[in-house]
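Participant: This is what each chain is made of:
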Amino acid sequence: MNDMNEKYFHSVVLNEDRCVGCTSCLKVCPTEAIRLKEGKARIIGEKCIDCGECIRICPNHAKSAVTDNIGILKKYKYTIAIPSLVLYGQFRSNVGINEMLTAVKKVGFDEVYEASIGTEIITNVVKNHMLKDNKIKRPIINSTCPATLRLIQIRFPELLPNIADIETPIEIAARLAKVETAKKTGFSMDEIGVVFISPCTARMTSSRNPLGIEKSYIDGVLSMKDVYGMMLRNLNNDKVDVMTRSTKESLLWPITGGQGEPLGIENYLAVDGINEVIKVLEEIEMDKLDGLEFFEGMACVGGCVGGPLTIENPFIARSRMKALSKGLPNSAAGEEEIKAQIEMYKEGFIRLTEPIEPRAVMRLDDDISKSIKKMEMIKEMLKDLPGIDCGVCGAPTCKAFAEDIVKGNNRDEVCMVKSMKSFNNGKA
Amino acid sequence: MEDIKYVFEVEKDDFVRAGETSSKIKKTLRELGIDSSIIRKISIATYEAEMNIVIHSLGGQIVLEITPGTIKITASDRGPGIADVELAMKEGYSTASDRVREMGFGAGMGLPNMKKCSDRFCVTSSEGKGTYIVIEVDLKAGE
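These protein sequence lines are chains A and B, in that order. Just so you know, we're using my numbering here: the first sequence kicks off at 1 and counts up by one. Just so you know, we're using my numbering here: the second sequence kicks off at 1001 and counts up by one.
It is possible that some hints are incorrect.
[Said to hold, decoys possible] Label pairs and their calculated CB-CB ranges: (1) A:Lys-279 x B:Lys-1090: 24 to 34 Å; (2) B:Ala-1107 x A:Asp-241: 55 to 65 Å; (3) A:Asp-384 x B:Asp-1119: 32 to 42 Å; (4) B:Cys-1122 x A:Lys-322: 53 to 63 Å; (5) B:Ala-1107 x A:Ile-388: 33 to 43 Å; (6) A:Met-189 x B:Arg-1101: 56 to 66 Å; (7) B:Leu-1058 x A:Asp-17: 54 to 64 Å; (8) A:Gly-387 x B:Ser-1023: 13 to 23 Å; (9) A:Asp-384 x B:Phe-1015: 29 to 39 Å; (10) B:Lys-1129 x A:Lys-407: 38 to 48 Å; (11) B:Pro-1068 x A:Met-189: 46 to 56 Å.
[Claimed, not checked] Stretch-level coverage of chain A by chain B, calculated; a stretch enters the list once three of its residues show a Cβ under 8 Å from a Cβ in chain B: (12) 149-161; (13) 360-368.
[Said to hold, decoys possible] Mimicking SDA-like on lysine to any residue, the simulated pairs with C-alpha atoms at most 25 Å apart in a straight line are: (14) A:Lys-379 x B:Glu-1020; (15) B:Lys-1005 x A:Ser-369; (16) A:Lys-288 x B:Val-1063; (17) B:Lys-1041 x A:Ile-278; (18) A:Lys-288 x B:Met-1051; (19) A:Lys-288 x B:Lys-1027; (20) B:Lys-1115 x B:Asp-1013; (21) A:Lys-279 x B:Glu-1102; (22) A:Lys-370 x B:Arg-1030; (23) A:Lys-288 x B:Tyr-1093; (24) A:Lys-288 x B:Met-1089; (25) A:Lys-279 x B:Ser-1037; (26) A:Lys-288 x B:Thr-1028; (27) A:Lys-288 x B:Lys-1115; (28) B:Lys-1027 x A:Ile-405; (29) B:Lys-1072 x A:Ser-369; (30) A:Lys-135 x B:Ser-1037; (31) A:Lys-47 x B:Arg-1030; (32) B:Lys-1027 x A:Met-381; (33) A:Lys-373 x B:Glu-1031; (34) B:Lys-1027 x A:Ile-284; (35) B:Lys-1041 x A:Ser-369; (36) A:Lys-47 x A:Lys-215; (37) A:Lys-288 x B:Phe-1015; (38) B:Lys-1140 x A:Asp-366; (39) A:Lys-399 x B:Phe-1008; (40) A:Lys-379 x B:Ala-1018.
Calculated from the structure, these hints are not laboratory results. All C-beta atoms in this analysis are idealised placements derived from N, C-alpha and C, irrespective of residue type, glycine included.
Chain B on its own, in the form it takes in the complex (with noise of 0.2 Å):
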């Protein structure tokens, strides 16, 4: 198998830890090569699919799959879920609280922000159960 998978646990509301994850992930490219373009690009859409899990769920957990094509991430949650898809996807739509706003987060950038980072992207949730994000950025050839 060539493939590497990576798991990290994601807890709600711990604003300490948060960006943790995606560093690791970046660190983790870095020393497998991977061009820094690819790097930059996965560890903000990591970073934002982290921060969603802090500020929104109830906790997740991130997942970091490497082949020699492709990086995937996957960010799972326990809920509550989005509502409407679509409308957590317009730029600057956010359902965070003031307080969060206040500390510089839930600008309602985060999916739109994970989207223009990926060669494909996917964002699948129901109310009361979680949300589920799918983000794959190819490999350029000849990496």
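Looking at chain A on its own, in the form it has when it is part of the complex (with noise of 0.2 Å):
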């Protein structure tokens, strides 16, 4: 199993009895973080950003993320549970919204309470302040996405400053829940326990070290996928709850152009799929897309509703999506609520108040004349190697085959290709 004695905690990980090492993940993973040792896909944890690629792509289901079990329930007087927005996807379209929270709640919470909140609030505070401050880099990246955000900080570094410094949806919805039940109740902070139901294995990460802020208010997650068929058995329209609060904007905000799109501004510009955020992030790098205002990146394809950890395919959720938004109101917030919430902004209870550092993990050697003997001695080894990428040898590319017998990590593989027949001839 997987290392948990990282200095650097990721949730993915490997279920080694379905692995049969067949290196379709390691070629989809964005950052090379996958070798095969021992027949094994094993995930190298310091370059894992939990985006999930090889949780979507292995035909064996030997990939999956660490979640908390239903069990954590048990350790709060008073639990809440946050769904994903994405949630509302995930069913027939005759269940109404009111049901699915109702069935959440059946799952044993005291009380369900919708992240749509804070949504409302990210494009508020984005719209009426950071937008209107020019002194706040351009263009301004959506904090949003936990993978986009670990992409960044090892392959952009200097695009960190851009990032939007508030806090997710959920983490807003889970710091306002707890401390408008704790006003409620009389429980204190530590026995209130707030369950986010996840489609996405970064976010479980991001609660368990979370990135910008010293410590998350979110004290479990649940996979989508493991709340989906509990839900299922509660789902029944007699008694249903009222308890929906969401707005037409907030049910599109977890679909790519969500969020982009209620700042009212025509320079944003929308991406989604992890290789397709890499290149656009290279053009805002290079100072390539003159005037954009505002860059949403989100690591799956259509957005949150594509994440790993959800049921349903994600275009047919998103059409779900769309449809139950047109039966809800537009978010109206007065001119007065708006200043609370850039006023709670401010006050840094939303806001990304720690640094996000660069994480250097793709460099050679931390010294930069070691650095270039080791890039002078790969360079060597590769015109030695087929160059085919076949991923046999368990590292997904030739160039990596050499990086890491030069930083030694890799002591027993050896190219099998070069030595065959057919390649010689080919190269011949």
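Each chain sits in its own coordinate frame; assemble them with the hints.
Facilitator: Next up, the structure:
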């Protein structure tokens, strides 16, 4: 299993019994964080950004995410569920939002709190405060997608100052829910458990090992896949509590473009899929996108609806959420309310107050002259390797194979292809 | 030898591959552990040089050389050369065709941008023969 002693926590793990060593995940990993060792696709913890690409591609379902289990509810005197808004796209169109929320509550929570409030606040703060302040670096990059943030730490450290220093909808909802509940019930903060029902592997990591804040108010994370079954059994449209306060905009939020669109500006850019996000961040880093005000980068195709822990196909979920949104009111925060939200941000309650540091995991060595030597060695080795990136040696590319050897991380593997007759013929 | 040298060929008019060389150079510098603000300068300058070769020249190459103290980019092409280098150094001066400008290139900022991004910059050109550009960025002490 995954080494839990690693300094950097990531939530994607390998189920060794199911892994047949097929190399599918090696190829899709955007940070080259997977190596086959003894026939099993092991994860290099410090390189994993929890994007979930390997979970999606694995034909044997050998990759999954560590999440909490429902037993976590017993640890608290009062429990609050915050389901990701993506949940609303997971059921057939005859199931209403209130029915879903009632079913979530019946799983064993004292209360269900919607994440919509968080999306409303972020839109209001970005639109009415950040976009009006020219001192804030452009483009402002959304802080919502934890996999994108971790990608920026590793590959685009120059863009770290562009990240909107505001918490995610879930974290904001968790904070508000906990404070409100403490007031209402008299329980202490420690006695109240806020549990997020997540479509996202990276969110699991960021609740344990948060970026930009000292401590998350989320006490537990349940996989949407795990909760789905329990909810299905609880669905019953006879006794439905009217709970939802969601707006049209909040339902569209987890769909690509749902963050940029309500800002009311023309020059925003919304991109989904980790590889496309990488390409566009390259352009932003090179100052190629003149006049871009806001960048919404979502690691999953479709946005959060494409999260690796969802049940429904992202396009189907998206269409359902759009349909559901039509029956909801528009968001209509008044001037005073928006002012109060901006104040709450300025005071730091919903703000990213800790710096997000670059993580130079791609470098060959801390010492630059040693790095140069190693790179020279890699260059020499590459001349002798087939360059077909087959993955048979356990590394995703020939270059990664050479890097591993030079870094001393690979003492056993050899290139089989090099010695194959057919390859030699091809080269000659 | 502690130096490292990479040579990249750049084709004229190949807008699909344009930018690949500067991307590769950026990735290399990242792996070496170069400070990210320096990487940014080098990649912007290299991108401009690369685009110049694609748009204006008959093709050429970009060479990356790294020593523990300096990063050096040399961009050379096979012509047609710049008639008036001084004029070309002026911001906004461009000989790019309308077609190229429509595509968002040729704003006349190429050479000035390269200069801005470098610690030492040198451009020489002879008409009919080609242009030769050297961009150098020093690595900060302690890098």
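Participant: None of the hints should be skipped; say for each whether it holds.
Facilitator: Checked hints:
| no. | hint | result |
| --- | --- | --- |
| 1 | A:Lys-279 x B:Lys-1090: 24 to 34 Å | 33 Å, holds |
| 2 | B:Ala-1107 x A:Asp-241: 55 to 65 Å | 59 Å, holds |
| 3 | A:Asp-384 x B:Asp-1119: 32 to 42 Å | 36 Å, holds |
| 4 | B:Cys-1122 x A:Lys-322: 53 to 63 Å | 57 Å, holds |
| 5 | B:Ala-1107 x A:Ile-388: 33 to 43 Å | 40 Å, holds |
| 6 | A:Met-189 x B:Arg-1101: 56 to 66 Å | 60 Å, holds |
| 7 | B:Leu-1058 x A:Asp-17: 54 to 64 Å | 59 Å, holds |
| 8 | A:Gly-387 x B:Ser-1023: 13 to 23 Å | 18 Å, holds |
| 9 | A:Asp-384 x B:Phe-1015: 29 to 39 Å | 34 Å, holds |
| 10 | B:Lys-1129 x A:Lys-407: 38 to 48 Å | 44 Å, holds |
| 11 | B:Pro-1068 x A:Met-189: 46 to 56 Å | 52 Å, holds |
| 12 | 149-161 | holds (count 3) |
| 13 | 360-368 | holds (count 7) |
| 14 | A:Lys-379 x B:Glu-1020 | 18 Å, holds |
| 15 | B:Lys-1005 x A:Ser-369 | 14 Å, holds |
| 16 | A:Lys-288 x B:Val-1063 | 22 Å, holds |
| 17 | B:Lys-1041 x A:Ile-278 | 19 Å, holds |
| 18 | A:Lys-288 x B:Met-1051 | 12 Å, holds |
| 19 | A:Lys-288 x B:Lys-1027 | 17 Å, holds |
| 20 | B:Lys-1115 x B:Asp-1013 | 24 Å, holds |
| 21 | A:Lys-279 x B:Glu-1102 | 22 Å, holds |
| 22 | A:Lys-370 x B:Arg-1030 | 14 Å, holds |
| 23 | A:Lys-288 x B:Tyr-1093 | 19 Å, holds |
| 24 | A:Lys-288 x B:Met-1089 | 20 Å, holds |
| 25 | A:Lys-279 x B:Ser-1037 | 19 Å, holds |
| 26 | A:Lys-288 x B:Thr-1028 | 20 Å, holds |
| 27 | A:Lys-288 x B:Lys-1115 | 17 Å, holds |
| 28 | B:Lys-1027 x A:Ile-405 | 19 Å, holds |
| 29 | B:Lys-1072 x A:Ser-369 | 15 Å, holds |
| 30 | A:Lys-135 x B:Ser-1037 | 19 Å, holds |
| 31 | A:Lys-47 x B:Arg-1030 | 14 Å, holds |
| 32 | B:Lys-1027 x A:Met-381 | 18 Å, holds |
| 33 | A:Lys-373 x B:Glu-1031 | 12 Å, holds |
| 34 | B:Lys-1027 x A:Ile-284 | 15 Å, holds |
| 35 | B:Lys-1041 x A:Ser-369 | 21 Å, holds |
| 36 | A:Lys-47 x A:Lys-215 | 23 Å, holds |
| 37 | A:Lys-288 x B:Phe-1015 | 15 Å, holds |
| 38 | B:Lys-1140 x A:Asp-366 | 15 Å, holds |
| 39 | A:Lys-399 x B:Phe-1008 | 17 Å, holds |
| 40 | A:Lys-379 x B:Ala-1018 | 23 Å, holds |
The earlier numbered hints are all upheld by this structure, with none contradicted.
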